Amino acid sequence: KQEVTQIPAALSVPEGENLVLNCSFTDSAIYNLQWFRQDPGKGLTSLLLIQSSQREQTSGRLNASLDKSSGRSTLYIAASQPGDSATYLCAVRPYNQGGKLIFGQGTELSVKP
Amino acid sequence: DAGVIQSPRHEVTEMGQEVTLRCKPISGHNSLFWYRQTMMRGLELLIYFNNNVPIDDSGMPEDRFSAKMPNASFSTLKIQPSEPRDSAVYFCASSLLGQGEDQPQHFGDGTRLSIL
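Read top to bottom, the protein sequences are chains A and B.
Heads up: the first sequence is residues 1 to 113, going by our numbering.
Heads up: the second sequence is residues 1 to 116, going by our numbering.
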């Protein structure tokens, strides 16, 4: 059974720091891995989607990597800003489960001015 | 693009009442997903549709829950009768699957449901 774990559960950093969020999954048979952002009282916003054949994706100050063999992904945020404060979730789409996504519990990020 | 639209945004009702949640997916998307989010269990998939057909309903808690997608632009999730443990935020998401590489899922803002 696929399980997705995110560590740490919460993180607080001063503005301007570079930071890394971690995601691990137990079964490497996946189509892709996605990173989402969730603001309080809101739905999830897709940040980056990495196909299983890819190693990383970049969007602005965000960079996500994928190592399928070790079951790990990282989300790197450069030069963090208070506006980056939110909960970040990763999710994998396993083989043989249709379009289903399995989510981690998320990392709650707080960037202090 | 209006995004995924859910209604109502908030619902408070008494135990035993019927609850109906509504979702309008993004036009052109062929897959629709219903999720439930709680502090204890995180984000869980309840059911998803592809081309209006239910594909995986293994996450539906029990017979009190039912979902329909009568056409490509509308879906409902119904709880009857509702119980306090159904209190959660319910999200609808849509995506385009099976057309080459996967596209991200787009989420609505959710319905915050409280059963008293």
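Hints are computed from structural coordinates only; laboratory data are not their basis.
Quick caveat, the model's predicted, so the values are computed rather than measured.
Warning: the hint list may mix true and false statements.
[Said to hold, decoys possible] Only pairs whose alpha carbons sit at most 27 Å apart, straight line, appear in this in silico DSS-like list of lysine-lysine:
| id | chain 1 | residue 1 | chain 2 | residue 2 |
| --- | --- | --- | --- | --- |
| 1 | A | K100 | A | K42 |
| 2 | A | K112 | B | K24 |
| 3 | B | K24 | A | K100 |
| 4 | A | K100 | B | K68 |
| 5 | A | K100 | B | K78 |
| 6 | B | K68 | B | K24 |
| 7 | A | K42 | B | K68 |
| 8 | A | K112 | B | K78 |
| 9 | A | K68 | A | K100 |
[Stated by the list, open to error] Covered, in the sense of this in silico footprint (three residues per stretch, anywhere, with C-beta under 8 Å from a C-beta of chain A), are these stretches of chain B:
| id | stretch |
| --- | --- |
| 10 | 29-43 |
| 11 | 50-62 |
| 12 | 77-86 |
| 13 | 102-108 |
Glycine included, every Cβ here is placed at the ideal spot set by N, Cα and C.
Hint check results:
| no. | hint | verdict |
| --- | --- | --- |
| 1 | A/K100 / A/K42 | 21 Å, holds |
| 2 | A/K112 / B/K24 | 37 Å, violated |
| 3 | B/K24 / A/K100 | 19 Å, holds |
| 4 | A/K100 / B/K68 | 18 Å, holds |
| 5 | A/K100 / B/K78 | 21 Å, holds |
| 6 | B/K68 / B/K24 | 12 Å, holds |
| 7 | A/K42 / B/K68 | 24 Å, holds |
| 8 | A/K112 / B/K78 | 41 Å, violated |
| 9 | A/K68 / A/K100 | 18 Å, holds |
| 10 | 29-43 | holds (count 4) |
| 11 | 50-62 | holds (count 3) |
| 12 | 77-86 | violated (count 0) |
| 13 | 102-108 | holds (count 7) |
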